[in-house]
Structure formats: structure tokens, C-alpha cells
Amino acid sequence: MSNTELEIAVDDPTAPEENSPAVTSNRNVDVAVSLLLLVLAIVLAWDNWRTGASWDSTGPEPGYFPFYLSVILGGASLYGIGAAFLSSKEALETFVTRAQLRRVMAVFVPTLLFCIAMQFLGIYVASFLLIAGFMRVVGKIAWWKSLLTAFLFSAVMFVTFDIVFDVLMPKGPLEAAFGY
Amino acid sequence: MEALGLLLHGFAVLLTWKTLLLMMVGLVLGVFVGVLPGLGGPNGVAILLPLTFSMDPTSAIVMLSCIYWGALFGGAITSILFNIPGEAWSVATTFDGYPMAQQGKAAEALTAAFTSSFIGSLVAVLLITFLAPWISSFALKFGPPEFFAVYLLTFCSFVGLGREDKHKTVIAMSLGLLLAGVGMDTVSGQLRMTFGSTDLLRGINFLVAVIGLFGISEILLTMEERLALRGHAASISLRTVLAVWKDLPKYWMTLLRSSVIGCWLGITPGGAIAASFMGYNLAKRFSKDPDSFGKGRIEGVFAPETAAHASGTAALLPMLALGIPGSGTAAILLGGLMVWGLNPGPLLFVEHKDFVWGLIASMYLGNVVGLVLVLSTVPIFASILRVPFAAVAPMIVVSCAIGAYAIQNAMFDVWLMLGFGVVGYVFKKIKIPLAPFTLALVLGSRAEDAFRQSMIISGGNMKVFWANGLVGTITTLAILLLFWPLIDRLIASISKPGAPAAKAEA
Numbered sequence: 001m002s003n004t005e006l007e008i009a010v011d012d013p014t015a016p017e018e019n020s021p022a023v024t025s026n027r028n029v030d031v032a033v034s035l036l037l038l039v040l041a042i043v044l045a046w047d048n049w050r051t052g053a054s055w056d057s058t059g060p061e062p063g064y065f066p067f068y069l070s071v072i073l074g075g076a077s078l079y080g081i082g083a084a085f086l087s088s089k090e091a092l093e094t095f096v097t098r099a100q101l102r103r104v105m106a107v108f109v110p111t112l113l114f115c116i117a118m119q120f121l122g123i124y125v126a127s128f129l130l131i132a133g134f135m136r137v138v139g140k141i142a143w144w145k146s147l148l149t150a151f152l153f154s155a156v157m158f159v160t161f162d163i164v165f166d167v168l169m170p171k172g173p174l175e176a177a178f179g180y
Numbered sequence: 001m002e003a004l005g006l007l008l009h010g011f012a013v014l015l016t017w018k019t020l021l022l023m024m025v026g027l028v029l030g031v032f033v034g035v036l037p038g039l040g041g042p043n044g045v046a047i048l049l050p051l052t053f054s055m056d057p058t059s060a061i062v063m064l065s066c067i068y069w070g071a072l073f074g075g076a077i078t079s080i081l082f083n084i085p086g087e088a089w090s091v092a093t094t095f096d097g098y099p100m101a102q103q104g105k106a107a108e109a110l111t112a113a114f115t116s117s118f119i120g121s122l123v124a125v126l127l128i129t130f131l132a133p134w135i136s137s138f139a140l141k142f143g144p145p146e147f148f149a150v151y152l153l154t155f156c157s158f159v160g161l162g163r164e165d166k167h168k169t170v171i172a173m174s175l176g177l178l179l180a181g182v183g184m185d186t187v188s189g190q191l192r193m194t195f196g197s198t199d200l201l202r203g204i205n206f207l208v209a210v211i212g213l214f215g216i217s218e219i220l221l222t223m224e225e226r227l228a229l230r231g232h233a234a235s236i237s238l239r240t241v242l243a244v245w246k247d248l249p250k251y252w253m254t255l256l257r258s259s260v261i262g263c264w265l266g267i268t269p270g271g272a273i274a275a276s277f278m279g280y281n282l283a284k285r286f287s288k289d290p291d292s293f294g295k296g297r298i299e300g301v302f303a304p305e306t307a308a309h310a311s312g313t314a315a316l317l318p319m320l321a322l323g324i325p326g327s328g329t330a331a332i333l334l335g336g337l338m339v340w341g342l343n344p345g346p347l348l349f350v351e352h353k354d355f356v357w358g359l360i361a362s363m364y365l366g367n368v369v370g371l372v373l374v375l376s377t378v379p380i381f382a383s384i385l386r387v388p389f390a391a392v393a394p395m396i397v398v399s400c401a402i403g404a405y406a407i408q409n410a411m412f413d414v415w416l417m418l419g420f421g422v423v424g425y426v427f428k429k430i431k432i433p434l435a436p437f438t439l440a441l442v443l444g445s446r447a448e449d450a451f452r453q454s455m456i457i458s459g460g461n462m463k464v465f466w467a468n469g470l471v472g473t474i475t476t477l478a479i480l481l482l483f484w485p486l487i488d489r490l491i492a493s494i495s496k497p498g499a500p501a502a503k504a505e506a
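Top line first, the protein sequences correspond to chains A and B.
For the first sequence, counting from 1, position 38 maps to 38 in our numbering; every step adds exactly one.
For the second sequence, counting from 1, position 430 maps to 430 in our numbering; every step adds exactly one.
With the rest of the complex left out, here is chain B:
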């Protein structure tokens, strides 16, 4: 009940004309970046972050999180009308969304997508409201070994549960952790990995890296592909919206199942991509008519969208409560918090109540306003795709350069951004995952600090990570997750002795 009181306080912080205006601007910008080919949630947030540097933290995070909600909504527009998933998590939406548009039911599909996005996010925000304060108060008891164990759990689960080649995830993660260590050592003040460069003294700002990795590399990749878009225009009437909403209770099980899957995979770093596919596959598996999936079934839109948005939103829970982001975008938002001098983690709930509860309140309000906004402006946003990419691409490049320069007013960062753009392009093509790379860049120095402090406490004895039940459980879980593919294969071969191991891997 205390959470409700604090949430009301959050609404009081939020309900000023200035913040509401910023919320609207954020949502419009977000839908814009979500619809534009070559951009998306993390890219949009990273590129537009410098806009918020001069704002107070609450206004800034409200605007940034609204860019995020807007981008999530915007992604569904291109998936359904143009069969182009703006993000990997929108792929499953195209399976039934685009066929619906072809059958003349674009408005129904879009209403279903926006509504289920809203429901998924709402469930996750409710979870954040009631769980985050509890987790953060629990985490206040954490010492350096517990924190390092949680970081280790995050890293290991990316390696163990990720779909990419394991060695590639390890490469991405260790490279990110190493780059996070460039510059002055915070403990001894000694320089590391700078090779005499004065520009590297400041270290590698992760936002610069992210702008290059996501923004510039996406432009290179998008230019490389054929951009002949052909899709369907749609406008949504109130009658269509009400008709879809009237049918919602029929799909309560799908919505609930997808919300639970999404929340779970958002908190653990399973991610929105896995959530959307799992949501879709389970909806199909439990359906009485699974063969109708993929041919324009509205449930095929509800399931992945609910799961993806529940996951995207729930990823903010560990970021706020523990300072550990559950997704790439959450990592960028976390970087934003650090830029404004806030320290994400359990103390945030104690030291910056206004900020935290203002942000949580903005999640509710941003979703409601976002839903109304996208339902009423779909044709305008869909027509953005008429703008030639030759005009959009240089504008994105300029926005990226502005973003990179503004962080530390350094030209070196612009060059660094360009370098990371090339790295991102190559990494994406050879499937070295960027999400763990970003996560490691953000968490690198915190993980190292926690590790060094733990080592100092224990006099260099690794047993400190099994010193009590809590830290021991987290560390053991981390190791189990690291070797999860092997364990999974072993379990499969024991339960089905005749079955080939390859099946377990698939």
C-alpha cells in the first residue's frame, strides 16, 4: 500500500504542463524513430539523449522513456503495414499482422498491436510499482560480493541463454568490459590502456559507443539493403477500436500468458526478442486452430506484441532496483541516469524518491497518452515512409554526430563514434551480439569495483562469493546459467536416452 501512496506522489511530481509537454514530444519523437527504417528504440534514445542534458533528471528521464514507448508503438506500424520489422522483436508481429493488412484488416491489426503493447507494458509497470521497492530494500543489504554475484549472473545468463554462438557473446562481453576499463583507474588513479593518448584519459564514454554501434551501423546496414517499400495505408476509426476492444476478453488467456512470459524474460536478460517468439509460439500451441496462425489471425498479433512490450518494460525493473539493466535500451537509460549524476540501484529509491516515482508514474501516463496518440495518428506516421531514405540517412548521421559531440564536447568522440559505427556494422553481419557488448560497457566499471572490493574484503580469497547463502546461491546460479546449454543437453539425454543430443540444442 505504501507503493500506492508513493505512486500518487509520483503523479503529483509529473503532472505539470512542462513535463506533460515533454512527454508528448518524447512520444512523437519515439514513434518517429520507431517508424523510420534504420532507427528504433535504443538508437532513438541514444541519439536524442543530448537533448535532455540541460533538463532536470525527472523531465529528462520522462522524455527519454516516452521516446522509448513511442518507438515500441512505432515499430508495430511498419511491421503490419509494410511487413518490415523495425526491431527484431517485431518479426513475430509480421507473421499475422501483415496478412491481416493484406486482407483489408490493417486497422484491426494495428489496434490489436497497440492495445496489446499497452496491456503488456501496463502489467510490467504494475510489477515494477510493487516489486521494485521491495527488491531495492532487499538489495540494500547487499555488499560488494552480492553485487558482483548479481553482475556475474547477468553476464553468465547472456552467455548461457543467448541464441548467438557462445564464443561470440564472450567476445562481445569481454571486449565491452575491457573498453569500460580504459582511462584512469578509479581506485589507484593510475592510467590503463590509454597508450599515451590524452583523449583516452577520459575513458570511452559508452553513449558514444552506443551511438556508433546502433545509429551509424544501422544506417550502413539499411543502405546496403533494398529499400523498395510497398505497404498498406490505414486509418483507424473509433468503431474499429471499440470492436477490437470488445473482443479482448476472448483472448484473456493469451494476453495473460504473454504478459507473464514477457515480464519474466524482461527481468532476466532473456530479452524482448525471445519473449515475442515465445509468446507467439505458445499462443499457437495452445490454440484450438493452430493452422490458422500465419494467415492473418488477430491472436497472432496480440501474443508477440504483449510479450515484447511486457519484456521491454520489465527490463527497467532490475535497472531501477539493482542498477543492472535488463536490455540494451535499459542500459542506455541507465547511462542517462549516470550523466545526470544519479546512481541507479537500491539507494535511488531512498535518495531520489521524486525521481523514481515520477518515472514510474510516467510509465503509466506515457502508455495511456501513447496509445491514444498512435491510434489517432497512424496515417501521418505511416506516410513518413514516403520520405526518401537519401534524405533521412544524412539527417540521422548528423543527429548521431551532434549526440556524440555533445556528451563531452570533444571532437575525438565523433571519430570514436564513426569507428564504433564500422565495428557495429561488421559485428552485426558476423553475428557478434551488440546487447551484451553494450551491457558490459555500462556495467564494466561497477562490476570491476564490486570485484575489487570483494577481493580486498576477503584478502584475495574467491570463497567470498560463497561466503553466505545469498551470495552463494547467486554465484552458483550464475555458473549453472553459464553452462546451461550443456546442462540442458545432459537433462535431455537422461530423460530421453535414445534422443540425439542435437535435439536438445535445437
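Excised from the complex, chain A in its bound form:
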């Protein structure tokens, strides 16, 4: 029997505002990406040409297949630049608003810091810091809940990967202090 009088509502207190101004349009990003891909295609084509993109006595040289793929990538990217300029619809579409970008950065920057911390502190301590910090700072969740969740998650990951499944993970001074 359905029980619809119980309603689940999960509200996000940090949801982005509706009328936030656009940072850039889809057209600008499309053109920028196509240009980057074009540059990449030229660099890869050059590298493959240098490696050898023709035939020798044993058959096609190592750069043969990727060279022609670079040419295709370059051609499609050039077409993409033209298509983006000609499309009026794309020019009007917002790629990201300022509020949205702020939220994306709120995940991306901690993730970047987490990757840096991982190299020095090991994955489990870095995970603890990321989860606790993110829950507290971005999610405005109580300190004790954030710390407890971060500790439990990191501990479960450690037991699962390092102990049960024997998958070696990067470790730091804390694990070394405990003999791992």
C-alpha cells in the first residue's frame, strides 16, 4: 500500500540564486574548447609525424593511425569553431552563472587541496580533512556530525581497502605511527 502522506523533503540551504548573472555563454566556451582541441590536434599530429606517420618495410609506422586521427580531430574542431559562431541559439545559452560557478568552485577547490594533501598526509587523513571540512564549511553541518562522519567514513575505507581487499593506498605519517 502506498504511504504518500509521509513526504521526504531535503532542502539545500546553499542552493544558487535563480537570477545570478551569467559568467559566460555556451558559444564562448564552445569556441574556446574547439580552439584548445585544434591546438592539441596540431601538437599531436606534429608528434606523430615526427614518430613516423608513413610506411616502412614492416607496414604502417607507429604514428600512422594517430596522425590521421589528429587530422580528423583538427578538422572537426575547425568545423566546431565555425558552427559555434553561426549558431544563434548557442550564443544565448548560459554556460554557467556566477552563483553556479561559486558552487562548482566550492567542490573543485577542496578536491584540488585534497589531492595535494593526499601526497603528504596519505589518503585517509586527507579524506578525513576533506569530508569534515566540506560538511562543516559548505554544508554548515554541526562540527560533531562532520567530524564523526569523516572519521567513520575514513575508517571504513581503511578497513575495506587496506585490510579486507588488500589494495595498497598512499599513507602518511599517521599510518606510519601505527605501523602501517
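Since the hints were derived computationally from the structure, they do not count as laboratory data.
Any given hint could turn out to be false.
To be verified - Computed from the model, here is a short list of chain A residues facing chain B with C-beta under 8 Å:
| hint | residue |
| --- | --- |
| 1 | 25 |
| 2 | 29 |
| 3 | 38 |
| 4 | 42 |
| 5 | 48 |
| 6 | 60 |
| 7 | 65 |
| 8 | 66 |
| 9 | 100 |
| 10 | 109 |
| 11 | 114 |
| 12 | 115 |
| 13 | 122 |
| 14 | 153 |
| 15 | 157 |
| 16 | 159 |
Beta carbons: idealized from backbone N, C-alpha and C, even for Gly.
Given the coordinates of chain A, work out where chain B should sit on it, guided by the hints.
The following block gives chain B in isolation, referenced to the frame of chain A:
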């Protein structure tokens, strides 16, 4: 009949307590990732793949495929209760599923969704059971030109039949193929596209790319959106289940039609998204009361769910029989097979019978267990959405980093994953499709090997791809599919000379 005997052998391989436990764990994890916003089948499988590295291949693939089934089931929960399609193929389910939930029929809608998922998958698994051995024994006669022609067919059909801008699919595919070639050339041992980096010597592992492209980019995208969820809670009683099942024969035509559409679009790389929409649209078109669709009609749940799941499952058929995945998730599973040293394709059926038939048996069992599991635990899984996203997001990031690092124990891969996360975010926003990109990354080196071998055989003559009826037919079909939009427009303008060409495109 031989297939039945082998299938029974598969069940014998499978029915151990350890494998059954892994199956349950996989299903629970799968429903979990299916329900969580920002995750789904391919992401869940990619992120959880490292868990299976220390297992034997059969246990590992059973667990991974159960994560996949679980994620497929889980997607329906959010679509119906919260009007949030976890995956693009769940969009059509929201059309009638959510209105049903609003009318107090959430339990009926969920039962219909799970049951039709089960039926769709079952039809596809039956197809795999009887067709895969036949296709693989046929494919044993394939040489390098035939294999390259099949790869070409796959690539061309993505370009020709895909809904995205053609040049964007070409960009995604050529970029994927190029990245697959980074590192040491397998034939000559020469380094390519490494630019002096020792980290790039190993090449770009496609799983690292996939974790970034799907996992990290989804987190970025999900954070960007408003996450104020409002939905309906539901619990399912046995009486509701039996009532829905009693009505099933009334919808046999819808179920059959959707199953056929799903299987077809799963084997060809049409995909589950196209299957679900086509299933829904055809159910509406053949209905006596098409206007009632979109207002909470149970058939509107049956049709897309059956088609999507038939398609998702049938995508495993070309992966197993030919080594060519029919979907993004199948591509990730294929990558998993390679990690365990298995070579997907026709020889798999000869060299690793236990593995193949254990996997096929797990598809039957996983679906049955999955159906019972989701029917009995919907409220628990639905309540996962109460967990604040600020807690879920960093946990997913950590899981992604663990996954990326574990593949080759390299920190460089974690950085690469982050880079692919940004690429995935931008690509998704400007609609460069990720499925052909993933497919090309997985198949790149195999396609190149087949091409080079064909060229060596023929002394560089492209005629090798038309050397016999089989390879010629596949290559010609590939070219026809590549130019399909043009051909379609031409056919439309010939059959209706007055009709504008734009109609054909629409």
C-alpha cells in the same frame, strides 16, 4: 540446447555462498549509487571497480554486474518518488511515474517499474544466452579486417545515429582514440605522444579517465544545480505487488514491443536513452487513449523501463561475443575484464567457459534477487536522499580518488582523474558526448591493432575491407550509417517531394 547445459554449469559455478554474498553486496551498493544524486550505473561501476581487484574474475564480474543491475533499479526510485531522473534513460519514466506518485499510487508505479525492468532484462538475458555463443562461434572466423570493420561499424553508428551534433561526436571519438594510443606502441615498442613524461609511458588508463569523466564531473554538475528535493515516501506491500502483477497480461504487447526495441537498440549502439523514449512513444502511439499518457498511466512506466533495461542488458551481448561494448557501462565492464587479464571477444567463450556462463547465470539470478531486494527495501533507499549532499559529495570524491589510485598505484592517475573531471564537466555542458569518448578509449588500441594488421596483410591496400562478402557488407553498412542523416533526408525528400528536408531531420 547446448546453451542450456552450459547455463546450468554457469549456475553451478555461481551457487556458492561467497558469490551469492558478493551478489547481494553488489546489488545493495548498486541501488545505493542509483539512488544517490550525482551517481549512476557507469559511475558506480567505475568507482567501485577497485574493490574487485583482489577477487577472482568470476566473483569480480558478478559483483560488478550486480552493481549495474542495482543501479538500474535504483534510478527508478528517484524518478518516481522525486521526479529526478538519475540517468537520462529514466527521463521517460518520470512522465507517468511521478504523476502516479502524486496521485497516491507510488507503490504501484515502483512495482511496475521494477517488474518491467526485470522483464526487459530477462528478455535480453535470454537473447544473450542463445545468441552470444552463436555470434562468438561465427566471429571465430573473423580476421583483422572483419574485426576492424566491426569496430568501424560501431564508431560510425555512434556518429550517424547519435542525437548530438555530428562534429561533436567525431571530436569525442577521435580524441578518445588518440588518448588510447598514448604510451608505448605495442607493435614497434616506440613511444608515442608522451612528450618525455615518464608517467605517460604507461599510457592513459581508461578507468582513470572514466572515473574523472563520470564521477568527478557529475559531482561538479550536481553541486551546480539546485538540490532541494521534494518527493513522496512509499512502502510496497505484497498486496500491491500482486495486484500489479495480476494486471501484467493486459500489457503484454507493450512489454513485448519495448523488449524488442530495447534489445535491438542495445545490440546496436543506439543506447538505453533512445530505447526508453522510443518505447514510451510507441506505447503512446498504439494506445487507444494516448491523451492519458503523461497523467499517471501505468503503461507509461512499463514501456520506457522495459525498453531501457532490455537495452542496458543487451549491450553486454556484443561485449561478450565480439569484445565491442554496446554502452558506456558495458565499456567499463569490458575494461574490468581486461584488468583481470581476460580478453573479451569470441575466444572468451572457448577459453573461459566458467567465467562467461557464470556471468550469464548471474544475470538471471542478479535480476531475481534484485527485484525482491528493491521491492522490500524501497523506503530505506528512498530515505538515503535525506542525507545532505554536502556529506555525500566529498565521500564520492574520496571514492573516486581511491579508485583512480588503486588501478596502477600512481599519484599521477589521481591528477589525471581530476583533469578528466573538469573535461567531463565542460564536455557535458557543451554537449560533447561522453559515451563515444569512453568507447573509443576502450576500443582504441584494439581498433588500431586490427587496422594495422589488415594493412600489413594487404600491403597497404584499403580494398582489404571489401575483400569478401562479409567484410565488404560490414564496411559498406558502416559507411551507410555514417552518412545516415543525409540518406534519411534524401529518402524523405524522394518519398515526399513537397516535404521540407527539415522534417526528416527532426
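query: With a cut-off of 8 Å, does the beta carbon of residue 66 (chain A) approach a beta carbon of chain B closely enough for the hint to hold?
result: Holds, because the Cβ-Cβ distance from residue 66 (chain A) to chain B comes to roughly 5 Å (cut-off 8 Å).
- prompt: Against chain B, with CB atoms and a cut of 8 Å, does the hint on residue 159 (chain A) hold up?
  reply: Violated, because the Cβ-Cβ distance from residue 159 (chain A) to chain B comes to roughly 12 Å (cut-off 8 Å).
Residue 157 (chain A) as an interface hint toward chain B, with CB separation required under 8 Å: holds (7 Å)
- prompt: Quick one, is the residue 122 (chain A) hint okay against chain B at 8 Å, beta carbons?
  reply: violated (11 Å)
- prompt: Is the hint on residue 48 (chain A) kept, meaning its closest Cβ partner in chain B is under 8 Å away?
  reply: holds (7 Å)
- prompt: Taking 8 Å as the limit, does the beta-carbon of residue 65 (chain A) come near enough to a beta-carbon in chain B?
  reply: Holds - the Cβ of residue 65 (chain A) comes within 8 Å of chain B, reaching about 5 Å at its closest.
- prompt: Given residue 60 (chain A) was flagged as interface, is its beta-carbon under 8 Å from a beta-carbon of chain B?
  reply: Hint on residue 60 (chain A): holds, closest Cβ of chain B at ~5 Å, below 8 Å.
field: chain B contact restraint on residue 115 (chain A) - CB to CB distance below 8 Å
entry: holds (6 Å)
field: Status of the hint placing residue 38 (chain A) at chain B (closest C-beta pair under 8 Å)
entry: violated (10 Å)
field: Interface restraint verdict for residue 153 (chain A) against chain B (beta-carbon cut-off 8 Å)
entry: holds (6 Å)
field: Restraint satisfaction for residue 25 (chain A) [CB to CB of chain B, less than 8 Å]
entry: violated (10 Å)
message: Quick check on the hint: residue 114 (chain A) CB to chain B CB, less than 8 Å?
response: holds (7 Å)
In summary, the structure is inconsistent with hints 1, 3, 4, 10, 13, 16 from the numbered list given earlier, while agreeing with the others.
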